[in-house]
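Once you have looked at the hints, place chain V on chain C.
Top line first, the protein sequences correspond to chains C and V. Using this note's numbering, the letters of the first sequence map in sequence onto residues 298 to 710. Using this note's numbering, the letters of the second sequence map in sequence onto residues 298 to 710.
Among the hints, a few may not be true.
Just so you know, same-sequence chains aren't split out, so a pair can sit in one copy or run between any two.
[Unchecked claim] Below, computed lysine to any residue pairings styled on SDA-like, alpha-carbon distance capped at 25 Å:
id: 1; residue 1: K708; residue 2: R533
id: 2; residue 1: K476; residue 2: K709
id: 3; residue 1: K349; residue 2: T359
id: 4; residue 1: K380; residue 2: C587
id: 5; residue 1: K709; residue 2: D519
id: 6; residue 1: K362; residue 2: D506
id: 7; residue 1: K362; residue 2: E689
id: 8; residue 1: K532; residue 2: E347
id: 9; residue 1: K380; residue 2: Q628
id: 10; residue 1: K650; residue 2: L477
id: 11; residue 1: K546; residue 2: Y694
id: 12; residue 1: K362; residue 2: G688
id: 13; residue 1: K349; residue 2: T397
id: 14; residue 1: K709; residue 2: T502
id: 15; residue 1: K650; residue 2: H429
id: 16; residue 1: K532; residue 2: H706
id: 17; residue 1: K476; residue 2: N356
id: 18; residue 1: K534; residue 2: A702
id: 19; residue 1: K583; residue 2: S555
id: 20; residue 1: K476; residue 2: Y350
id: 21; residue 1: K520; residue 2: I664
Calculated directly from the structure, the hints in this document are not laboratory data.
Number of protein chains: 2
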Amino acid sequence: MKKRNCFIGQSGGPTAAINASLAGIIYECIDTKQFEHVYGMINGVKGLLENKYFDLLENFDTDEKLLHLKHSPAMYLGSCRYKLPTYQEDPQTYELLFHTFEKLEITDFYYIGGNDSMDTVAKLSQYAHFIHSPIHFIGIPKTIDNDLMGTDHTPGFGSAAKYVATSMLEIAYDSSIYKLNAVTIVEIMGRNAGWLTAASALARTESNDAPDLIYLPEVPFDKESFLNDIRNVFKRKRSVIIAVSEGIKYANGEFLDSDSQYAKRDAFGHILHSGTGKVLETMVYKEFKCKVRSIELNVLQRCAMHIASQVDLDESFQIGRHAVKTSMTDQTGVMMVFQRIQNSPYTIECHHKDVSSIANLEQRIPIEWINEEHNDITKELYDYLFPLIQGEVALQYQNGIPLYANIDHLKKD
Amino acid sequence: MKKRNCFIGQSGGPTAAINASLAGIIYECIDTKQFEHVYGMINGVKGLLENKYFDLLENFDTDEKLLHLKHSPAMYLGSCRYKLPTYQEDPQTYELLFHTFEKLEITDFYYIGGNDSMDTVAKLSQYAHFIHSPIHFIGIPKTIDNDLMGTDHTPGFGSAAKYVATSMLEIAYDSSIYKLNAVTIVEIMGRNAGWLTAASALARTESNDAPDLIYLPEVPFDKESFLNDIRNVFKRKRSVIIAVSEGIKYANGEFLDSDSQYAKRDAFGHILHSGTGKVLETMVYKEFKCKVRSIELNVLQRCAMHIASQVDLDESFQIGRHAVKTSMTDQTGVMMVFQRIQNSPYTIECHHKDVSSIANLEQRIPIEWINEEHNDITKELYDYLFPLIQGEVALQYQNGIPLYANIDHLKKD
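This is chain C alone, in the form it adopts within the complex (with noise of 0.2 Å):
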């Protein structure tokens, strides 16, 4: 038998889970006995075009090392930020790539990423069956954000719910200890879609019934509506606890933050949306001259691989390696995908659908999920975001702070 060769790139923004995807692939490419190269691209297809690669068959050749890579968070391969252009704008790029394709024999191409990255498999796919190239062009989803299309939810997406669950829960604990009115914002990432955001109501036990409020980028803000929410807990508790999306609108479709003093711009001058937490704070502060505190948390939800959820991190793991599995039952352009069979016992499938009919959606959370007052999730989101946190994760430490794979790699120029 003809042997295979793969390359395998990572895209878009870090997570806790995308290297366990990494792990799942090669583990598997390992396992079919039929792989002679596994190529790792650095920084994404942007870094193969400048021929940055590597075989990582030299780096993990044992169980124990694909486990060290699973326990790892951010991407071992790193990332690029970049658009592949259309075959019509750019065919160099294209022809670019498929020589180096050819020269290394390449028979699959795994490409693990958010919604810019299944663009590219879509892309290089459909390029693939234009110039009638035999290379499997597979797409593995990863987003904390949960918001790709097609799929029940995305790995990374429950590490990252188990962080803010948990740091959710810790918060309210903190702002239990003093006797006075006090109110906590806690702003979550997620632009457009409230997953992570509605992932804080995970924090609820008998004894904590914080977040006491909840805001979601999927509905409108209203000021008024907010400040009187904020009243009504205030009725039977003392220490009111809100968890916000940093991508609330007004009604007529604005940012809070998109005036205000505090809204972060990137070094393109774009704004970044992570000023709502301020914004709010200052409004609940003019209206009820209380203690309050706004708890930004940051790049720490998508990369703490010291609270990842076992499950998030086992799925991931075995979406790679059906990614494998799926190429090498001759499917292109497609995207990996979990479908869930029941939330108890949480049982999911992982299956495959086109990548062209999934890329650049957005999946927000359905309306019926959220309350009426616009305030909370329902029942039914609880029970799906459940099982996705479950189980901690056994990592190894070292001196005190988690063991993670060495990433020299990266720093080269």
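Relative to the frame of chain C, chain V by itself:
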């Protein structure tokens, strides 16, 4: 033998380890078999003045329940921010408190807290001496800031330090994935003492040298040196990661954020000094026009039990036990302290010191433990910090989040 009865209180800000000291005191009271009642005051001395207390022996009658308490963050007994007036200012308050002590036949009084709490212990023991009361007043230190005098370090600091080091490591991984120049500024708690910011250096491993720069409140901040430091790091790497204390000041003594639009104020209008990261973010962006992000670790650094230090929890438990032993050898007006015998193998002993010689003083980082360039720590400081974050805590989890002690009693009016 006459039975003993004691009060235990907690005061000041929360830490991950303050309940471990509470558990240690209860454990030792039970172990000596000499205590009939072990009362917990709710919300410290302020709650005691309102007769808010209950017998802890009813809730904690097994080792398992005490372990659960040891593994719960924030403050099981609640806190107060209350400066006890002097006897001359307000004799009634003292008479009220000692009336309660007499009524309940109190023999021992344990107060776990920071500087203000030690001031309370000093004043109560002086009053007791004045009226010839035989009650023993013992202070047990705690603070994430590690700024109490007379003790090698404070309970609670090690866990906060482990959170800071782990988060710094994960932020470094998160920042490693793109091929672009970027500066990440991590703002860490500590108004006058930089211990916790210094602990970010514990994130360094063979393959991670972040934080690249560390700025502490013990030495003046200079804008030109700061920008030059970054320029120098950029010569050898793309991603610059900076740890900065919220309380850094210019040579003229002004906080960086004192006139900033980002300076936060509490309900009393006091500046909270947590805009430092934002001020530096703007400073860096103006100079380098690169991607800049500031991250405020916020209250999570003091309450993140899920990544607590086992050494810290064990020591905090032990110092609680020693407080009872000390009280039973007829000591009063003392604060329990740690004395470090050696770094390797790490060995400490519990002793006690006159609390009035310690209260209201502040322990800052010795200048000789900061490097000459004022942008990093020395090996001596690293070696001092290292043992304090060792060991991981095996928490109990339920439904995907940590299972912490029920604190419904703090929510009652």
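Consistency of the hints with the structure:
no., hint, result
1, K708 to R533, "between (53 Å within a copy, 10 Å between copies)"
2, K476 to K709, "between (54 Å within a copy, 10 Å between copies)"
3, K349 to T359, "within (24 Å within a copy, 60 Å between copies)"
4, K380 to C587, "between (47 Å within a copy, 21 Å between copies)"
5, K709 to D519, "neither (49 Å within a copy, 31 Å between copies)"
6, K362 to D506, "between (41 Å within a copy, 22 Å between copies)"
7, K362 to E689, "both (20 Å within a copy, 22 Å between copies)"
8, K532 to E347, "between (62 Å within a copy, 22 Å between copies)"
9, K380 to Q628, "within (24 Å within a copy, 72 Å between copies)"
10, K650 to L477, "neither (53 Å within a copy, 34 Å between copies)"
11, K546 to Y694, "neither (42 Å within a copy, 36 Å between copies)"
12, K362 to G688, "both (21 Å within a copy, 23 Å between copies)"
13, K349 to T397, "within (11 Å within a copy, 75 Å between copies)"
14, K709 to T502, "between (47 Å within a copy, 18 Å between copies)"
15, K650 to H429, "within (21 Å within a copy, 83 Å between copies)"
16, K532 to H706, "between (56 Å within a copy, 18 Å between copies)"
17, K476 to N356, "between (56 Å within a copy, 22 Å between copies)"
18, K534 to A702, "between (46 Å within a copy, 19 Å between copies)"
19, K583 to S555, "both (20 Å within a copy, 21 Å between copies)"
20, K476 to Y350, "between (58 Å within a copy, 15 Å between copies)"
21, K520 to I664, "within (20 Å within a copy, 50 Å between copies)"
Hints 5, 10, 11 from the earlier list are contradicted by this structure; the remaining hints agree with it.
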